[in-house]
Amino acid sequence: MNLSISLGNLWLKNPIIIASGVFSIDSAPYFPLPDIGAVITKTITPLPREGNPSPRLWETTGGLMNSIGLQNVGLKRFIDEELPRYLELSLPIIVSISGEKEDDFPQMAEKLKDKGVSGLELNLSCPNVERGGMHFGKDAEVVKRIVREVKRASSLWVMPKLTPQAPDIVETAQAGREGGADAVSLVNTFLAMALDIKTRSSRLGTLMGGLSGPAIKPIALRMVYEVAKAVRIPVVGCGGIMTAEDALEFIIAGASAVELGTVCLLNPSVPSEILKGIKEFLREEHIGDIRQLIGSLKTSNNG
Amino acid sequence: MNLSISLGNLWLKNPIIIASGVFSIDSAPYFPLPDIGAVITKTITPLPREGNPSPRLWETTGGLMNSIGLQNVGLKRFIDEELPRYLELSLPIIVSISGEKEDDFPQMAEKLKDKGVSGLELNLSCPNVERGGMHFGKDAEVVKRIVREVKRASSLWVMPKLTPQAPDIVETAQAGREGGADAVSLVNTFLAMALDIKTRSSRLGTLMGGLSGPAIKPIALRMVYEVAKAVRIPVVGCGGIMTAEDALEFIIAGASAVELGTVCLLNPSVPSEILKGIKEFLREEHIGDIRQLIGSLKTSNNG
Amino acid sequence: MRGPQKAKVVEKSFIGEDVFILKLLQPFIAEECRPGQFVNVRCSPLYEPLLRRPLSIFDVDREKGEFSLLIRIVGKGTKLLSQHKEGDELDLLGPLGSAFPYNQYKNPLLIAGGIGIAPLYFLAKTVDHPTIIFGAKNKKELYTLEELREFATVLVFTEDGSEGEKGMATSKLHRLILKHDSVFACGPLGMLREVVRIAKEAEVPSFISLEERMACGFGACLGCAVKTIKGYKMLCKDGPVMRGEEVML
Amino acid sequence: MRGPQKAKVVEKSFIGEDVFILKLLQPFIAEECRPGQFVNVRCSPLYEPLLRRPLSIFDVDREKGEFSLLIRIVGKGTKLLSQHKEGDELDLLGPLGSAFPYNQYKNPLLIAGGIGIAPLYFLAKTVDHPTIIFGAKNKKELYTLEELREFATVLVFTEDGSEGEKGMATSKLHRLILKHDSVFACGPLGMLREVVRIAKEAEVPSFISLEERMACGFGACLGCAVKTIKGYKMLCKDGPVMRGEEVML
Ligand SMILES: Cc1cc2nc3c(=O)[nH]c(=O)nc-3n(C[C@H](O)[C@H](O)[C@H](O)COP(=O)(O)OP(=O)(O)OC[C@H]3O[C@@H](n4cnc5c(N)ncnc54)[C@H](O)[C@@H]3O)c2cc1C
Ligand SMILES: Cc1cc2nc3c(=O)[nH]c(=O)nc-3n(C[C@H](O)[C@H](O)[C@H](O)COP(=O)(O)OP(=O)(O)OC[C@H]3O[C@@H](n4cnc5c(N)ncnc54)[C@H](O)[C@@H]3O)c2cc1C
Ligand SMILES: Cc1cc2nc3c(=O)[nH]c(=O)nc-3n(C[C@H](O)[C@H](O)[C@H](O)COP(=O)(O)O)c2cc1C
Ligand SMILES: Cc1cc2nc3c(=O)[nH]c(=O)nc-3n(C[C@H](O)[C@H](O)[C@H](O)COP(=O)(O)O)c2cc1C
Ligand code: FES
Ligand code: FES
Chain V
1 MNLSISLGNL WLKNPIIIAS GVFSIDSAPY FPLPDIGAVI TKTITPLPRE
51 GNPSPRLWET TGGLMNSIGL QNVGLKRFID EELPRYLELS LPIIVSISGE
101 KEDDFPQMAE KLKDKGVSGL ELNLSCPNVE RGGMHFGKDA EVVKRIVREV
151 KRASSLWVMP KLTPQAPDIV ETAQAGREGG ADAVSLVNTF LAMALDIKTR
201 SSRLGTLMGG LSGPAIKPIA LRMVYEVAKA VRIPVVGCGG IMTAEDALEF
251 IIAGASAVEL GTVCLLNPSV PSEILKGIKE FLREEHIGDI RQLIGSLKTS
301 NNG
Chain C
304 MNLSISLGNL WLKNPIIIAS GVFSIDSAPY FPLPDIGAVI TKTITPLPRE
354 GNPSPRLWET TGGLMNSIGL QNVGLKRFID EELPRYLELS LPIIVSISGE
404 KEDDFPQMAE KLKDKGVSGL ELNLSCPNVE RGGMHFGKDA EVVKRIVREV
454 KRASSLWVMP KLTPQAPDIV ETAQAGREGG ADAVSLVNTF LAMALDIKTR
504 SSRLGTLMGG LSGPAIKPIA LRMVYEVAKA VRIPVVGCGG IMTAEDALEF
554 IIAGASAVEL GTVCLLNPSV PSEILKGIKE FLREEHIGDI RQLIGSLKTS
604 NNG
Chain D
607 MRGPQKAKVV EKSFIGEDVF ILKLLQPFIA EECRPGQFVN VRCSPLYEPL
657 LRRPLSIFDV DREKGEFSLL IRIVGKGTKL LSQHKEGDEL DLLGPLGSAF
707 PYNQYKNPLL IAGGIGIAPL YFLAKTVDHP TIIFGAKNKK ELYTLEELRE
757 FATVLVFTED GSEGEKGMAT SKLHRLILKH DSVFACGPLG MLREVVRIAK
807 EAEVPSFISL EERMACGFGA CLGCAVKTIK GYKMLCKDGP VMRGEEVML
Chain H
856 MRGPQKAKVV EKSFIGEDVF ILKLLQPFIA EECRPGQFVN VRCSPLYEPL
906 LRRPLSIFDV DREKGEFSLL IRIVGKGTKL LSQHKEGDEL DLLGPLGSAF
956 PYNQYKNPLL IAGGIGIAPL YFLAKTVDHP TIIFGAKNKK ELYTLEELRE
1006 FATVLVFTED GSEGEKGMAT SKLHRLILKH DSVFACGPLG MLREVVRIAK
1056 EAEVPSFISL EERMACGFGA CLGCAVKTIK GYKMLCKDGP VMRGEEVML
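Quick mapping for you: the protein sequence lines, in order, are chains V, C, D and H. The first sequence begins at 1 in the working numbering and counts up one residue at a time. The second sequence begins at 304 in the working numbering and counts up one residue at a time. The third sequence begins at 607 in the working numbering and counts up one residue at a time. The fourth sequence begins at 856 in the working numbering and counts up one residue at a time.
Be aware that a few hints might be false.
To be verified - Here are the simulated lysine-lysine pairs, BS3-like style, with alpha carbons at most 30 Å apart: (1) K934/H / K691/D; (2) K867/H / K878/H; (3) K995/H / K612/D; (4) K878/H / K685/D; (5) K836/D / K414/C; (6) K279/V / K691/D; (7) K934/H / K101/V; (8) K931/H / K994/H; (9) K404/C / K836/D; (10) K934/H / K682/D; (11) K1092/H / K115/V; (12) K940/H / K618/D; (13) K198/V / K931/H; (14) K198/V / K1088/H; (15) K867/H / K682/D; (16) K878/H / K198/V; (17) K229/V / K441/C.
What the hints assert, rightly or not - Listed next, with one range per pair, are the computed distances between beta-carbon atoms: (18) S155/V / D624/D: 32 to 40 Å; (19) E695/D / S309/C: 36 to 44 Å; (20) P651/D / R388/C: 32 to 40 Å; (21) D667/D / E1014/H: 50 to 58 Å; (22) D766/D / G942/H: 33 to 41 Å; (23) E866/H / E280/V: 30 to 38 Å; (24) D624/D / R434/C: 50 to 58 Å; (25) K582/C / L33/V: 54 to 62 Å.
To be verified - Stretches of chain V that chain H covers, calculated by requiring three or more beta carbons in the stretch to come under 8 Å of a beta carbon on chain H: (26) 63 to 76; (27) 98 to 108.
Hint data in this document are derived by calculation from the structure and do not stem from the laboratory. All values reported here derive from a predicted model rather than from experimental measurement. Where a beta carbon is used, it is the ideal one built from N, C-alpha and C, also for glycine.
Construct all of the structure, not just a fragment, from the sequences and the given hints.
Pasting the structure below:
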């Protein structure tokens, strides 16, 4: 049975990727590393960021809202202190990067290019200070430019991560491909709010947070389907995946691999359970190669 | 204690509105009519529609996907057979209308203008056959034009219902106001998918369905906040409201009234429970008039 | 107003590995319900599962104001229901839907497949001198057979022959049906198709209890559409009991 | 790998209207845990509530491989936990977080407010000749006071004077603290602020167990941020026991 897949030039032994923001190098002992296809780091920015004030979490029906605020040690300390430890995990390591202006992305890529990482995920769901705080990922032209500059600055494998707040996520994905992306991942969290009715203020330390978890799965799945159908580079699906069945739905809808986010927080062993479930399904269905499932959705009977 | 609110020219004894699609005239006995501020009918189209093939429902974590497909008896039979029974309920009746081309909207408004209804909600989350099936509500210019033509064709109170699939929901709301809308309501369902991994096909009789219920609440609340902040006409909030606390969150975020959708399907008595909860809250907080709460969100401490 | 009601769990008893009977105290429903109708039950006070679950009325004790449900655990809702204890309160809507037209026919033939016995047990108790064909995979799945035999003529079929005749519930239907003026059935879709086909051939009217995913259960959402020769009907309101000749199975 | 563990419910007993003790069989955690640490518990196999709930280790019986939690019902997660029966399995992660530095100090003073007794009970059992100030609203909320008195010197305060001295747990702290080389506290935020303030004045190091909303509990999500003089720390990893002087309460 073959479980390996390739995302352009990046080969993974199985399609299970740990999403950005739910793994830290110190928490590695909680994860079943041998069963994981790749790990994406928490998003790194050029300079250290202390993150948002607490509370940073709020639970909703089937969902989790977070406003971590990209807390991270900054690129330099990441490269010096954390990356060597990541590379010891013997797993493909994809570094998630972000910045405050377009130039930050290629500059970071340049510094990461010969450090042994397997690729970059571009977190575009953050405010572009040069553009009045509009998120990079909402403007297809900006996405194309950032991807192109990153590819120019390094020979690394590059995957922009699309935000569901984009006016047209298919267009953004196309722009990524035109910029030279090796793959696209989607979705990042949905911008959301929750209020404390007594204090008339946000439940979080910030006004809004990002919604993740099973609540968003049906919307994320639809977006992955739309993008995979339209764009001719590999798609990595993400959003509310909790079980092997969920992961298989994304693959059938067109994803070549999946990212697990929130579910890792409630159960870091989940990659093993999902891998096992996928294997059982393939066995039961007599499918020898997981790649046969990618995009195998039948849409004939329904519009 | 005052619970009444006004949506432009439309006065409601309380802010609780039954959303389109979860009430039928035959199911009226299941609802606590005296506690309801207004009822919106299931969307009516110019001609009868038989709706989509079954299955039309799929349950997700905290959510409900539906693909009813605007099954309805058509405007003529609605006016002749159903509307008289609606008007007997002694409640403000808002008729939800939709069509397949822009002209359908003013034509329907014209036919409804002297029939005793309290107003119209324009369901813009349906395919525009003149434009390759793109939903009306995704194009701000189209929204403005439809509202303007509807206002021209009748003197009825008009509220476009915004779709969360719009590229920029604030812009669409603005367009509605510019067209002369008396209020805007949001949100309609989120386009979503769910797959049967064994058959590799949709769980619904159609490829996609609309997601509603508590799963979408945090996103809907954020959108209501953004629209209410930007647009100077009353906003009616909708999306995943299950409890009095949820309703109050929408009001604090800027909604003048709320629509209850999915929750009515699991508990048609819920309007009474929510009304009671709102009253208790106002009493505890020593607020004499619900209008004091509208848009009372404090955003000072957080960005 | 016909909103949700509270019902108290009087008794819960497992009668198979994954099948149990829930006896509930709810005088209004016990008084009003007719065989074929169902209740729509909230399985948890939380939002998972979000929707109610439709369950047929299996038995009634009008004097005590009680009625029972016969439930097979198939997923999270029925699992949660199986964890209720005596004294717990359940939130339900009902009675809902159409009943078998038992007083329009003198001599109906009843047919149940497996868990499909649920509405037919109540029906069998309601009609005079009932004859019922009861089919199941095996002896273990002939739920409440003993009790049924106390008041009905039961013809038993099992697929493995572990009780009664070996075969499907419908295997002798074409002969048995001749003595009856109607057929009332509930069971798996395959069985219902056979029932309708045979009844049509014999020119006997058939009434079958169907299943479809539901949200409201009271005709508000138009979610439980069933295709019939007259267009879509709502299973929760126009059904769950429908004329066999009309449904497009 | 340190993934989630299964634990069997050995005993559940209510010790107040909305407070109960859950005794669990889980040899690994019972062996490894130190006072102040917590476990992160899945309250339902479904996704509501979605996240685990952090609960301090209240007592341990290492020989039997058992440990206990003292839980107050405040919402849906703790409510679901209260419905577990003996023999049920629970899914939990732990032991997590930092412990009180009980072996670095000879003569600590323990202070608990209400349900804050949970980690301090275990701590009191661990240190030699413990002295503990135990405050609560009233007598009823002095959970496990009797048991505590069997092995500790307990100074009791209640706000309504229904047991011990009338007043707050911290009312005499400025005097009592002088005989001790450290303070270990858990309780409501107001109390902790007072403890830290008084300890600072007395120049005695204080260690307090804090609360913050958590998702993972093992340092992965950076969600449980607590502001300290050294920037944000993660309560689940750098805490829940933190140095009073460092936290910005
Ligand atoms: C009118 C009516 C009467 C019924 N009476 C009974 C009864 O008396 N006893 C009984 O045990 N069951 C009865 N059912 C079926 C029962 O409603 C389903 O088994 C139940 O809803 C499953 O819920 P769940 O949460 O346990 O399973 P889920 O987790 O929702 O699903 C488990 C499996 O059951 C399927 N399923 C879910 N809902 C339905 C449904 N409405 N119809 C068919 N399959 C479904 C799902 O597709 C899935 O494969 C009846 C159904 C209807 C429509
Ligand atoms: C390290 C740590 C140890 C704890 N130890 C214990 C213990 O031993 N015994 C005990 O009874 N409780 C303890 N708590 C508190 C316990 O975690 C919360 O009471 C529980 O998570 C509430 O869950 P719920 O689903 O019942 O309530 P919810 O429905 O989630 O919320 C009910 C109320 O509790 C508040 N709440 C929810 N989570 C927390 C939290 N983490 N901290 C503070 N308030 C919260 C909510 O804001 C809300 O007002 C501890 C908390 C932490 C962080
Ligand atoms: C606590 C938390 C922190 C996150 N941090 C990041 C991040 O730093 N960078 C990023 O691109 N996405 C981040 N995400 C988003 C996830 O990677 C993922 O896209 C999203 O949560 C949807 O997937 P899920 O529903 O499986 O969680 C974060 C999500 C959570 C819950
Ligand atoms: C079964 C069902 C049918 C619906 N039909 C309509 C409809 O005909 N017209 C419309 O504008 N919205 C329709 N809606 C959308 C609701 O009015 C509402 O906008 C949406 O469900 C979000 O609110 P909720 O989460 O409270 O359900 C329907 C929703 C459901 C669940
Ligand atoms: S379930 Fe809602 S109409 Fe039948
Ligand atoms: S709860 Fe996730 S880092 Fe502390």
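Hints, one by one, checked against the model:
{"no.": "1", "hint": "K934/H / K691/D", "in the structure": "holds (16 Å)"}
{"no.": "2", "hint": "K867/H / K878/H", "in the structure": "holds (6 Å)"}
{"no.": "3", "hint": "K995/H / K612/D", "in the structure": "violated (33 Å)"}
{"no.": "4", "hint": "K878/H / K685/D", "in the structure": "holds (25 Å)"}
{"no.": "5", "hint": "K836/D / K414/C", "in the structure": "holds (28 Å)"}
{"no.": "6", "hint": "K279/V / K691/D", "in the structure": "violated (38 Å)"}
{"no.": "7", "hint": "K934/H / K101/V", "in the structure": "violated (47 Å)"}
{"no.": "8", "hint": "K931/H / K994/H", "in the structure": "holds (26 Å)"}
{"no.": "9", "hint": "K404/C / K836/D", "in the structure": "holds (28 Å)"}
{"no.": "10", "hint": "K934/H / K682/D", "in the structure": "holds (19 Å)"}
{"no.": "11", "hint": "K1092/H / K115/V", "in the structure": "holds (29 Å)"}
{"no.": "12", "hint": "K940/H / K618/D", "in the structure": "holds (17 Å)"}
{"no.": "13", "hint": "K198/V / K931/H", "in the structure": "holds (20 Å)"}
{"no.": "14", "hint": "K198/V / K1088/H", "in the structure": "holds (28 Å)"}
{"no.": "15", "hint": "K867/H / K682/D", "in the structure": "holds (25 Å)"}
{"no.": "16", "hint": "K878/H / K198/V", "in the structure": "violated (36 Å)"}
{"no.": "17", "hint": "K229/V / K441/C", "in the structure": "holds (21 Å)"}
{"no.": "18", "hint": "S155/V / D624/D: 32 to 40 Å", "in the structure": "violated (58 Å)"}
{"no.": "19", "hint": "E695/D / S309/C: 36 to 44 Å", "in the structure": "holds (40 Å)"}
{"no.": "20", "hint": "P651/D / R388/C: 32 to 40 Å", "in the structure": "holds (34 Å)"}
{"no.": "21", "hint": "D667/D / E1014/H: 50 to 58 Å", "in the structure": "holds (53 Å)"}
{"no.": "22", "hint": "D766/D / G942/H: 33 to 41 Å", "in the structure": "holds (34 Å)"}
{"no.": "23", "hint": "E866/H / E280/V: 30 to 38 Å", "in the structure": "holds (37 Å)"}
{"no.": "24", "hint": "D624/D / R434/C: 50 to 58 Å", "in the structure": "holds (52 Å)"}
{"no.": "25", "hint": "K582/C / L33/V: 54 to 62 Å", "in the structure": "holds (55 Å)"}
{"no.": "26", "hint": "63 to 76", "in the structure": "holds (count 5)"}
{"no.": "27", "hint": "98 to 108", "in the structure": "violated (count 0)"}
Of the hints listed earlier, those the structure fails to meet are numbers 3, 6, 7, 16, 18, 27, in rising order.
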